[in-house]
Every structure is written in structure tokens, then in C-alpha cells.
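From just these sequences and the hints, can you work out the full model?
Top line first, the protein sequences correspond to chains A and B.
Residue numbers for the first sequence follow our numbering, beginning at 1 and rising by one.
Residue numbers for the second sequence follow our numbering, beginning at 1001 and rising by one.
Note that these hints are calculated values from the structure, not bench results.
Remember, predicted model here, so these are calculated numbers, not experimental data.
Some clues are possibly wrong.
Stretches of chain A that chain B covers, calculated by requiring three or more beta carbons in the stretch to come under 8 Å of a beta carbon on chain B [what the hints assert, rightly or not]: (1) 30-40; (2) 93-100; (3) 105-112; (4) 313-319.
Positions of the beta carbon are idealized from the N, C-alpha and C atoms, including for glycine.
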Amino acid sequence: MYTQAMDTAPREERSALEDAALQQRFDARIDAGEFIEAKDWMPEHYRKTLVRQISQHAHSEIVGMLPEGHWITRAPTLKRKAILLAKVQDEGGHGLYLYAAAETLGTSRDQLLDALHTGKAKYSSIFNYPTLSWADVGVIGWLVDGAAIMNQVPLCRCSYAPYARAMVRICREESFHQRQGFDALHVMMTRGTEAQRAMVQDAVDRWWWPSLMMFGPPDAASTHSEQSMRWGIKRISNDDLRQKFVDATAEQARVLGVTLPDPDLKWNEQRGHHDFGAIDWAEFWRVVGGDGPCNRERLATRVAAWDDGAWVREAALAHERKRATKEMAA
Amino acid sequence: MSGNPDAAAAGGEWPLWEVFVRSKAGLDHKHCGSLHAPDAKAAVQLAREVYTRRQEGTSIWVVRSDQIVASDPGDKDMYFDPMADKVYRHPTFYELPDAVNHM
Chain A
1 MYTQAMDTAP REERSALEDA ALQQRFDARI DAGEFIEAKD WMPEHYRKTL
51 VRQISQHAHS EIVGMLPEGH WITRAPTLKR KAILLAKVQD EGGHGLYLYA
101 AAETLGTSRD QLLDALHTGK AKYSSIFNYP TLSWADVGVI GWLVDGAAIM
151 NQVPLCRCSY APYARAMVRI CREESFHQRQ GFDALHVMMT RGTEAQRAMV
201 QDAVDRWWWP SLMMFGPPDA ASTHSEQSMR WGIKRISNDD LRQKFVDATA
251 EQARVLGVTL PDPDLKWNEQ RGHHDFGAID WAEFWRVVGG DGPCNRERLA
301 TRVAAWDDGA WVREAALAHE RKRATKEMAA
Chain B
1001 MSGNPDAAAA GGEWPLWEVF VRSKAGLDHK HCGSLHAPDA KAAVQLAREV
1051 YTRRQEGTSI WVVRSDQIVA SDPGDKDMYF DPMADKVYRH PTFYELPDAV
1101 NHM
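Structure representation (C-alpha cells):
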């Protein structure tokens, strides 16, 4: 159950001995591959890690609506517009599933949104890049959603059950996002003009490296990875997922007829994987730190949407209060 | 649907609702998630947008999360384990002659 409202029982004082026993039991359940539910005992650090990760994920879905939403009014055909509307609506839905999952851990929606709006919480740095042409929408579907799926499928087996359940739903819907993107690009590459093909290649050139950064820092520099693996919150390492993505995408690029902008990208028979060039981690940290091309614009748009909608939220509550008061008087 | 003006007045946040969806006629409603909504009518409408964008349902129930009474996970063993030793409640407990064993 997703409710946090029931979690109101007063916390009993426990001795260190009891805490150790609870910790031991928790570890044993994790080791046995059991799921942890909202009201089960869990270490405070596990709870905090999940709130951070799930809320970051939710924020990414919500902020992720902006770069693509930019193109809804400019989509080239009614079909593409309907598809894009459905996709952006999905992203909003995914954000809501994830906020609900985070709230089961004892935080409130307002607290989560406040952390986003004040810049305390992060969201995926990929959404701080601009969408300059229609091809960017297709490339976001193919590469950005493709990378997201790679990241998200293992989370369906996450030890925290409300998060795992949300991810099952999200992954089921996400596949459409990747396929519609590839399809939009494929149409331009096979039936489009020279200018359209150049537009697709330009979009691929700009999104390829940021997409690889979506898997997070290299394993050696990933601060939370080891503990998250131990807890079954994370199942596959950043570098392994990145490699998997490169291998899958290299083949898709050939089918599409675009060149991935990496001279070092080539099949390594010995490893059974593609080798690829060095990622500019300085750029990654710069964008994560708030200094990407669109960080300020994205956050400002998001905060404005929240502030401008305040009167609607308040009016809806006032209306319900009035109705309930009238009903009680009757 | 009974309102709760006190809870609604308590803060600026819309209350939390649990959502149950019947995926098709003949099946039962199943819990599928939760959402915030100002009132019952809005909760049903938002549930449609959030949880049934791909024909996942033919009927929706919503209920205020603070109205749900649940068993305590701490009592799980006491509540549910005694059933483990009542194997005679299951048809497989009974070994019958082969000729009639598929009854």
C-alpha cells in the first residue's frame, strides 16, 4: 500500500540491543532477496538513500517534460503531435508514481517539491541541455529514453517494494517512448531530405555524450554505489550499464544510418564489447553542479508553473471544505 | 462520500487517496497506487489520467488513505503463521485411491 498517512503510531524507544537485532533481521531479509515494504523496519540510512534516489528520479520525470514539451506546438504533423502529447503526459504520470513511492518513506509531497524548487534536490543532468530542432525530440526518445530504460529495468527488482512496483509500471510504458523516437528519426533518414538527415545527425552529435553520462560517474568514483548494491537498491554497476547501452546503440545507429560522434568507438572481438572514447566528466560535474546550458531556465520554468498554479490548488481545497461543511450542517 | 473538513483545513497539501482499478469486467478491483486530490470526484478523475492511460481499467475506486485500517506488519507472524500447520485445509492433503484421485 502506498499510504504514509497510516504511519502515525508513536515510535517506541528501543534499546541498542533491539536495534542490532532489527538490523540483523533486515540484512537477512535483503540477503534472501525479500522485498521491504513501507511499514517494515529499515535502517535510517536505507530510508534516506531511497528518498534521495526516488525523489531525484521523480524530479527527473517532471523536469524531463520541459525539453520535449517545448516541441508540442511545433510538431510537424498531427500524428507526431498526438504521440508527443501522450509521451509528455506519461512523463508526468511517471513522476507521480515515483513521488507516491517516495512519500511511503515518511516524507511529504510538498517537502519533495520544495527540495526541487530550492535547488537542494537534483534531477538528471540530461534535461539541462536544449532541444534545438525537431530531430532532438526523436533523439531524446531513442538515446535518452533508451539509456533510461537500461537504467530502470534492473530497478524493477529493487529491494524496496513500492519503488519496484512503480518501476514495473514505468518500464512497461517507457518502451513506447524509445520506439516512437527511433521511428521519427528513421522516417527522416529513409524518406527525408538531405537537410533532414543532416538535422538528425546534428542532434545525435549533441546528445550522444550527455546520454552516456546518464549512467552516472565511473564505478570507481561513484560514492553511493557500493552500499546501494549491498542493499539491493542498485543491481548493476554504472559502467556495466553504460557498456550495455553502447553495445545496443551502436547497432541501432547502423540501422538508422547515423554516425555516433566517437572516433574511438569500435567492436573489440576479445572483450565481446564495443570500446569507446573517454567521457568528459568535467562537463558532467559542471552540469550537475548547476552550470549546464539550461539549468536556470528549467528550474525557473518549473518554479513558475508551481507558483502560478497555487491559486488552483487552494481554490480546489476551499471548494471541498465548503462542500463538506455544508454536508455536515445538513 | 463523507468529507473531512478538519483534515482538509489542516494544511495546504491535497489529501492522499488510494486507487483501485478493475482491469476488466468480471475481475475484482486491485490496488494500483495512490495520488493527491482535493476531493473524491477529483480523485476519480485524476486516477483515470494517472492510472488508466492505456485501457488498464473499466472501473475505479478511490478511498482516503487515512480511512484505511490495516493489520500491523509487526503482528505478521502471530496473525498469519498459525495457518501454516493446518495443511488439512488443502485438497492436496488427502491421498485418495488412484481411480478417484482426480475428484
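Hint-by-hint comparison with the structure:
Counting residues of the region 30-40 of chain A whose C-beta lies closer than 8 Å to any C-beta of chain B gives 3; at least three are required, and the coverage claim holds. Check on the region 93-100 of chain A: 4 of its residues sit with their Cβ under 8 Å from a Cβ of chain B, so the three-residue criterion for coverage holds. Coverage of a stretch by a chain is defined here by at least three residues with a beta carbon nearer than 8 Å to that chain's beta carbons; for the region 105-112 of chain A and chain B the count is 3, and the condition holds. Beta-carbon proximity to chain B at under 8 Å applies to 5 residues in the region 313-319 of chain A; the threshold of 3 is reached and the given coverage holds.
Every hint, counting from the list given before, is met by this structure.
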